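Asker: In case you want the letters, here they are:
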Amino acid sequence: EAGVAQSPRYKIIEKRQSVAFWCNPISGHATLYWYQQILGQGPKLLIQFQNNGVVDDSQLPKDRFSAERLKGVDSTLKIQPAKLEDSAVYLCASSLSGGTGEQFFGPGTRLTVL
Amino acid sequence: DAKTTQPPSMDCAEGRAANLPCNHSTISGNEYVYWYRQIHSQGPQYIIHGLKNNETNEMASLIITEDRKSSTLILPHATLRDTAVYYCIARNDYKLSFGAGTTVTVRA
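Top line first, the protein sequences correspond to chains P and W. To convert a position in the first sequence, counted from 1, into this note's numbering, add 691. To convert a position in the second sequence, counted from 1, into this note's numbering, add 7.
Hints in this document: simulated from the structure, not taken from any laboratory. This structure is a prediction, so every number in the text was calculated from the model and none was measured. Note that the Cβ used here is the ideal one computed from N, Cα and C, for glycine as well. Do not rely on the hints blindly, as some may be mistaken.
[Unchecked claim] Just so you have them, the derived chain W footprint on chain P, three or more residues with Cβ under 8 Å:
1. 708-721
2. 762-768
3. 795-805
[Unchecked claim] Partner residues are not named here, just some residues of chain P that face chain W (Cβ under 8 Å, in silico):
4. Ala779
5. Leu782
6. Thr791
Same shape as in the complex, but just chain P (with noise of 0.2 Å):
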């Protein structure tokens, strides 16, 4: 069975510039998340989506990030503008269903921002 895809794996940016991060969940599976993981920290959830529709994304600084799932399989993380503190592992997980399923976790695309 495929795992989560992410693309691209590493990505360097000048702050105020724009980027987005692209991941491909299992097939199948209903819930996608976006995490982002600082340095030394856990990761973070960012947003949740049940199909195409968003369950929670109270943590999405919304003034910059944004992210979509127009036909409930992949999904698009974008950051515009970035900045410094945006530097991070982005990672997208998917899960058959919400609820306390098993999330599975994709490699994550590291972001450098200068």
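Fit chain W to the given chain P structure using the hints.
Answerer: Using the frame of chain P, we list chain W on its own:
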């Protein structure tokens, strides 16, 4: 979700059992104890979870105290590939609230 407390780091000898403690003194009755680990440059990986009974799978064993205020993850025969950050999470819904975890280093 209840807060969990883990030691920041621990070492373990290859081939020996690794016992990872976790305190969750404010855990509520409907919160499960979950363990994930994160190997360097990878996403977190599910290990095991339990409510009040001890659990075992092919990766590890989870021992939860009778009062549920603490638990121990046991890796029975640690290998170098078990070097990772291990996260203990008290969970009752979709949220996984990761703390800083325990950095486990398995030494040859």
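Asker: The structure should be examined with respect to each hint, and the outcome stated for every one.
Answerer: Hints versus structure:
no.: 1; hint: 708-721; verdict: violated (count 0)
no.: 2; hint: 762-768; verdict: violated (count 0)
no.: 3; hint: 795-805; verdict: holds (count 5)
no.: 4; hint: Ala779; verdict: 13 Å, violated
no.: 5; hint: Leu782; verdict: 5 Å, holds
no.: 6; hint: Thr791; verdict: 6 Å, holds
Violation of the numbered hints given earlier is confined to hints 1, 2 and 4; the remaining hints are satisfied by the structure.
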